[in-house]
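*Asks:* Chain by chain, the residues run as shown.
There are 2 protein chains.
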Amino acid sequence: MNIDLYLKEKANLINQELDRLLPEVELKPQVLHQAMRYSVFAGGKRLRPVLFLATLDALEEPSEPYLPFACALELIHTYSLIHDDLPAMDNDDLRRGLPTSHKKFGEAQAILAGDALLTYAFKLMVSPKEKGASPEKLLAAIDEVTDGAGLKGMIVGQVLDIQAENKEIGLDELQTIHRNKTGALFAASIRSAAVLAGCNPEMLEKLTGYAENFGLAFQITDDILDVIGDTAKMGKPTGSDQEQKKITYPSFLGLERSQELARESVEKAVQYLIELPAGADPLRALARQVIDREN
Amino acid sequence: MNIDLYLKEKANLINQELDRLLPEVELKPQVLHQAMRYSVFAGGKRLRPVLFLATLDALEEPSEPYLPFACALELIHTYSLIHDDLPAMDNDDLRRGLPTSHKKFGEAQAILAGDALLTYAFKLMVSPKEKGASPEKLLAAIDEVTDGAGLKGMIVGQVLDIQAENKEIGLDELQTIHRNKTGALFAASIRSAAVLAGCNPEMLEKLTGYAENFGLAFQITDDILDVIGDTAKMGKPTGSDQEQKKITYPSFLGLERSQELARESVEKAVQYLIELPAGADPLRALARQVIDREN
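Protein chains in written order, with this note's numbering: chain A, 1 to 295; chain B, 1 to 295.
Each hint should be verified, as a subset may be incorrect.
Unchecked claim - Here are the simulated lysine-lysine pairs, DSS-like style, with alpha carbons at most 30 Å apart:
(1) B/K129 with A/K131
(2) A/K152 with B/K206
(3) A/K131 with B/K206
(4) B/K8 with A/K129
(5) B/K45 with B/K28
To be verified - Selected chain B positions facing chain A (Cβ under 7 Å, derived; list incomplete):
(6) E107
(7) A108
(8) L118
(9) K123
(10) E136
(11) I142
(12) A149
(13) V159
(14) M203
By construction, these hints were calculated from the structure, which means they are not laboratory data. Every value quoted in this text rests on a predicted model; they were computed, and no experiment measured them. Note that the Cβ used here is the ideal one computed from N, Cα and C, for glycine as well.
For reference, chain A alone in the conformation it holds in the complex (with noise of 0.2 Å):
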C-alpha cells in the first residue's frame, strides 16, 4: 500500500470537490466568496476528509456520495482556524507562510469568513441526500460533526487552551485540550463516516479507539517538529512553543519520551483496527504516516 500515493489521489478528490463547492468569481458578495476560499485553499493536507474517506474505503462504503460532506469537515476546520488566529484569540499574522484572513481581508470579514464557513458546512452535509444516501443516517452523521466541533469537542477545546494561557498546568490538562481542540474534530471525522457506513456499534468504539491514538500521535508530533522541524517545511518559524513558553509533550516529557509516546499511540491505534479488512489499510498507513511527516 502506497499511502503516499493514496494521501495524495484523496487530497486532489478533495480539492476538485471543493472548488466545486466554493466558486470563485461572480458569486456575490465577491469578498466574502473569496476570503472562505482564500483560507479554504491556503494549503493544508485534507487530513479530516482523508480520515473520512479511509474510514468509508475500510468499511467497504462508495465514498463518492459523500464527497460533500468530507469536504464539510474541512470548512470547519478551515473556519476554526480563522477564529483561532483572530487578534482577540492567537493573534497570528501568518498561517501556512501567508497571512492569515483578517491580515488579508480585516477583522470583520474574516470573522463572517469563518461563521459562513461552518454554516455552509451544515448545507453540505445535508446535501448527500440528493444522491440517494439514507436520511437517518446523514442526521445521525450530523450529530457527531456537531458533538466533536462544538460542545464535545473543539470549542471546549478553544475555551480551555485560552483559559490555560499564563498559567502552569499538569500532563493530564494538557491532553484534555488537544482532545477537545484537535482530537474530537479528527474522530468526528472518522465516526461519522462509520456512521454513514452503517457501522455496528462494537466497530464504532473500536474506530473511535483509533481515533484517539490517531489525534494523540498528531498533536504529540505537533509538538515534536516545533522544536526539530525545518521552518521552510513547516511554513511557520518553529521554536515558537519554547519561546511563548507554551507547555508542550517535549517540555513535559523530554524529546525522547515524547518519540516514544507517539510512537506507542501508533501502534495503539493500528490494534484497534486488528479485525478489519485489507481496505482499512489507507487508515493503517496513515496512522504510522503522521509520526513521520515533515510538516
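With chain A's structure known, arrange chain B on it following the hints.
*Replies:* Chain B only, in chain A's frame:
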C-alpha cells in the same frame, strides 16, 4: 384571537425549552456555557421561534416534537447578535440595556460563544428525529436554515451592511441589505416549519410572500421606532441612526410614507394567507402586531 396572550404563551414555551437545553450549572467549561446562556436570556421576543410555531399551527402540524428546532432559530439569531456587536463589527457595548457578550466575557469568549451557539443549533435541529420526525423533512428544513442563516441570507446581509458603511446607498440597496440580514432568517423560520409540515410548493410560495412582507414591515418599523420610540422601552438610545447618519426608511421616505409602507406590507403579508383556516390567525395577528409594537 388574543395575539398578546398567544405571543406570551409561545415565548414561555420557548423559554422553558431553552432553559432545559442550556443548563446553567456544572457543565464545563463554565464560562462558555455561561456566555451562551447569558446572551440567549438577555431578553428578546423569541420572534423567530414564534413565527416557526405559528406556521406549524397554521398548517395544523403538532409543534411539540419541533420545540428544539424552534429554539435553534433563536440560538442562530443570538449568535449573529453576539458577533455583530464585536469591536471589529458594530462595536456595541450595550444590547437590550445589558453589556454585550464581549464586554461581559471578553472578546475571545464572545467569538467562541457565538460559534458554539451556531454549532449547537444544528444539533438541536437534528434532534426531533428522536421524537419520530421524518428524517427527509428534517434534512430539508435544515437546508432552509443553512440558506437563510448563510450564503443566501444573514451573512450576506452582514457583509453588505459593512460594505455600505460611510457610503451613499439607494433604497434598493437598503432593501437588499435588510432582506438578507433580517428577512432571510424570518423566511427560513417560516419555510422550515412549512417543510416540516409537508406543505405543498404553492403554499410554500405564499408563506414565503408572507415572510418577505413581514420582514419588510418589521424593518421599517425598527427604523421608525429609532426616530419616535421610547428609549426606556427600546433598551437602547433612540435617535442613534440619525446620529450615525445611517440610511433608514424614514431618511429616504419621511416618517409618514414609511408608516404607510409598513401598513401596506402588513396587508400584503396577510393577503398571502387568505386560503388558510383559523389556525393561521396567529400568523395574521403577528404581522399586524409587528407595526404596533413599542420595542
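*Asks:* Does the nearest C-beta of chain A fall within a distance shorter than 7 Å of the C-beta of B/E136?
*Replies:* holds (5 Å)
*Asks:* Regarding the pair B/K45 and B/K28, is the alpha-carbon distance no greater than 30 Å?
*Replies:* Since the Cα atoms of B/K45 and B/K28 sit roughly 28 Å apart, the hinted pair holds (cutoff 30 Å).
*Asks:* With the threshold set at 30 Å, check whether the alpha-carbon distance from B/K8 to A/K129 stays at or below it.
*Replies:* violated (38 Å)
*Asks:* Given the hinted pair A/K131 and B/K206, is their Cα-Cα distance within 30 Å?
*Replies:* Holds, at about 29 Å.
*Asks:* Given B/K123 as an interface hint, is its Cβ closer than 7 Å to any Cβ of chain A?
*Replies:* holds (4 Å)
*Asks:* When the nearest CB of chain A is found for B/L118, is that gap smaller than 7 Å?
*Replies:* holds (6 Å)
*Asks:* Tell me if the straight-line CA distance from A/K152 to B/K206 falls inside 30 Å.
*Replies:* Roughly 40 Å between the alpha carbons, so the hint for A/K152 and B/K206 is violated.
*Asks:* Check the hint pairing B/K129 with A/K131 against an upper bound of 30 Å on the C-alpha distance.
*Replies:* Cα-Cα ~21 Å, so holds.
*Asks:* Is the interface hint satisfied for B/V159? The criterion is a beta-carbon contact with chain A at less than 7 Å.
*Replies:* This interface hint holds because 5 Å falls under the 7 Å limit.
*Asks:* Could you check if B/E107 really has its C-beta closer than 7 Å to a C-beta on chain A?
*Replies:* holds (4 Å)
*Asks:* With chain A as the partner, please determine if B/A149 meets the hint condition of a C-beta pair closer than 7 Å.
*Replies:* holds (5 Å)
*Asks:* Min Cβ distance, B/A108 to chain A: is it shorter than 7 Å?
*Replies:* With Cβ-Cβ at 5 Å, under 7 Å, it holds.
Violated hints for the displayed structure, listed by number in ascending order: 2, 4 and 14.
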